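Kindly produce the complete structure, drawing on both the sequences and the hints.
In order, the protein sequences belong to chains B and Y.
For the first sequence, my numbering begins at 768 and goes up steadily by one.
For the second sequence, my numbering begins at 768 and goes up steadily by one.
Keep in mind that the hints were calculated from the coordinates and are not lab data.
Quick caveat, the model's predicted, so the values are computed rather than measured.
You may find that some hints are simply not true.
Stated by the list, open to error - Across the chosen pairs, the derived CB separations fall in these ranges: (1) B/Pro854 <-> Y/Asp1040: 21 to 31 Å; (2) B/Asn1208 <-> Y/Ser857: 49 to 59 Å; (3) B/Asp881 <-> Y/Gln824: 37 to 47 Å; (4) Y/Gln916 <-> B/Lys1132: 40 to 50 Å; (5) B/Pro854 <-> Y/Asp1186: 50 to 60 Å; (6) B/Glu1223 <-> Y/Glu963: 30 to 40 Å; (7) Y/Phe885 <-> B/Glu963: 56 to 66 Å; (8) B/Glu1223 <-> Y/Ile910: 54 to 64 Å; (9) Y/Ile775 <-> B/Val884: 50 to 60 Å; (10) Y/Leu908 <-> B/Lys1177: 47 to 57 Å; (11) Y/Asp1193 <-> B/Asp822: 21 to 31 Å; (12) Y/Arg888 <-> B/Lys868: 52 to 62 Å.
Just so it is clear, CB atoms sit at the ideal spot from N, CA and C, and this is done for glycine as well.
2 protein chains.
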Amino acid sequence: MFSKDTYIKRRQQLCKDVEKGLILVVGNSDVAFNYQANQYTFRQDSTFRYFFGYDIQGLIGVIDVESGEEYLFGEEVDMNDIIWTGPIPSLSERATEIGVKNTGNIKDLRNLIDKSVFAGRKVHYVPPYRAENVEFIADLLHIDYRFVQAYVSTELIAACVKQRSIKSEEEIVEIEKALDTAYTMHTTMMRMAAKEGTYEYEIAGTMEGIALAGGGPVSFPIILTTHGEILHGHDHSLQIKKGRMIVSDAGCENVMGYCSDITRSVPVGGKFDARQKAIYESVLSAQLLAAKLSRPNVKYSEIHLAAVEQLGGCLKELGLLKGDIHQAVLEGVMGLFMPHGLGHMMGLDVHDMENYGENYVGYDKKNVRSTQFGLASLRLGKELQEGFVLTDEPGCYFIPALIDKWRAEKKFMDFINYDEVEKFKDFGGIRIEDDLLITKNGCRILGKPIPKTVEEVENEMAK
Amino acid sequence: MFSKDTYIKRRQQLCKDVEKGLILVVGNSDVAFNYQANQYTFRQDSTFRYFFGYDIQGLIGVIDVESGEEYLFGEEVDMNDIIWTGPIPSLSERATEIGVKNTGNIKDLRNLIDKSVFAGRKVHYVPPYRAENVEFIADLLHIDYRFVQAYVSTELIAACVKQRSIKSEEEIVEIEKALDTAYTMHTTMMRMAAKEGTYEYEIAGTMEGIALAGGGPVSFPIILTTHGEILHGHDHSLQIKKGRMIVSDAGCENVMGYCSDITRSVPVGGKFDARQKAIYESVLSAQLLAAKLSRPNVKYSEIHLAAVEQLGGCLKELGLLKGDIHQAVLEGVMGLFMPHGLGHMMGLDVHDMENYGENYVGYDKKNVRSTQFGLASLRLGKELQEGFVLTDEPGCYFIPALIDKWRAEKKFMDFINYDEVEKFKDFGGIRIEDDLLITKNGCRILGKPIPKTVEEVENEMAK
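Quick look at the structure:
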């Protein structure tokens, strides 16, 4: 954990921003895997971890905004449990460690809530995403469980987003540790991908093992596929074959819970062919341009548009597009090749704070999400600020179902050379992703550089 | 998946055994990790997988027992989804693959259930263990979600236990594949444990990576600890030090969902000292005796007692116990050293069918669970039958809190040499586990033999 002061200051700031009422922060519990006693590896709620530090099941934090009183609730360990668990600190010892004065069990929590609500005070909570926590809040606040999402606190969401969006130096240190592990994951992938015939799951499993051996879980289910054009896919069942690109999108959480999120795309066998190299370098030029443009007070939606325009220019040179590329981008042509956004915030969550609602994190009153196919998928559109950590991850995909659909609809015939695009239907996809820290005057690519140019990738694959 | 016939026969047998009503088999959905779109790796419900085969989210199977009509319910893929997911079979194509005739969406399911319940028919379901499925059943059957567990079908549980307890040859093949992976996991652990200073999580993470690279998840969160005496612990935070034993209890699921569950205990550094060797060989002799005694029509509770008596005899030779060991076992003395049971059923779940309720699986009317400390923790007490797969996993632990408690209570002073036992308070624990198939006249240890004798373990660790 960080020092006691870190958590105290974070909670004090929260009190200032929320102004009144009670703040309820429900930590996570275990989730059953295939029966009650066999559980998925525990994953703490990020809001709880940010303000109350502990990576432990069954804790609830409460802050009384007006009085400043803070509480840590949970069940004390029974002396008989110690036979099975070994020595365990008491709840009040735990509370002291994070600068919280008051402790109690769940019954005490109920009493505090009842007393406060009967006195007409509001209880603030952020949107729960686990059914167990929905039921817990429903029960505690006397809400039908189907209505718990309806009563979340937008004040609390805004206050959490405000703090968590700006990463401190100590948070950056942790993110870079997670990137050290990601370095090993992806360079291992590259060496394994050199050998045709390996199964995707062998590579993905080995990468996940590296994450776990580094002390944390993967930050999201690994995408490792020779069908990079399938964007919503976690299948790892195929044998890798020469002629296909592998898209490897994977990161980890470190022991402090901070994430990394890296994508590399590499040719099975270790050598890019001419077509792969051309598309790869197109994506890479868009990715480098986005990093070059990332600095405070620039809207990330504009950087997204600049990156896809860069990609579009390259595709025009390859004969896939025609006409005025700037105009093509404005009209939404690039959605055919890159239906997703350029990037998203990253921190304790790989899509940081996504449980609060994407638009609370990536947009604001001045910057409203687009509805245009492609740009609509951009999670972060607002102006960047110093201290933001975000991903820069353009891609280029040839999605047969989408090409067929657009061609049948005669979409953008003035911009798209469908006959040329059709030739790439067997190509798959490419994505390249790094994690950026917005600095005072620009940005810094976090972590030790992971092989990225065609030459660097081929060299790593030859090892 | 197995052949269509396998699933058809299993469902037909289920119909015969349940006799009347509707059987509702709810498959699992994704569970949120830290926000709705970031999910734990999917794990199908074992009952669904056994009868309906698919390892896919959001499916529900229904069998009308009287008419024999079978249904597969789920939501059809939207044509627009194919852009993101690639080609996906239709629900009716999936149903055909497993010999099911009827399909429908969730609304159709509601209609079928309403019609049946209004006609006075019972809907059978086994106990759900995920909050999402509890809420789904609550909503479908118009039950308050807090009462869903109260209305589970004991007829359906009994019918499932009857079939799933007896493993077919094709199931044994799958279990042995999971054991091949477990072999690699544990021999890798042995080689890593030879090096003092490694962190437990580095070894555990590498083992989990081997499981994943083999195509399935771990069958339960890996236990890998130099504090084997902490039985309910999944902490992996320590550096391994010479003088400590590592207890490594880990297995995996293979691509078909079948489990392995193996424990090996090895000395950090690679060489057993005299005390470690003495306790290790005591546990091993109990483990070998249990396998020797395992055959049809013998109660596993009796084998448990024989194994702990064997262990007790060894501990007497080491001066830790005194008096009549047979009598000591009957009185419950061995709970001090082995507070857990000798083993449990294994199959699609590592504790097979534990979501139905342990006593439905491991006990019956003739064999009621003991309440004696130690024996009370035995999950499988009833008579063995040909085709059972179960674990044989005795252990010996020196649990400081338990030793202190019993000594303070002056428990079993005639049997326990507390002064001698106290000397082992820094020892930790040892457990040795294999998976057995009950055969016509005895049993077979499944899988390729994993180093187990002192000599074999030391040789592997020296590699």
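If you test the structure against every hint from before, which numbers come out violated?
5
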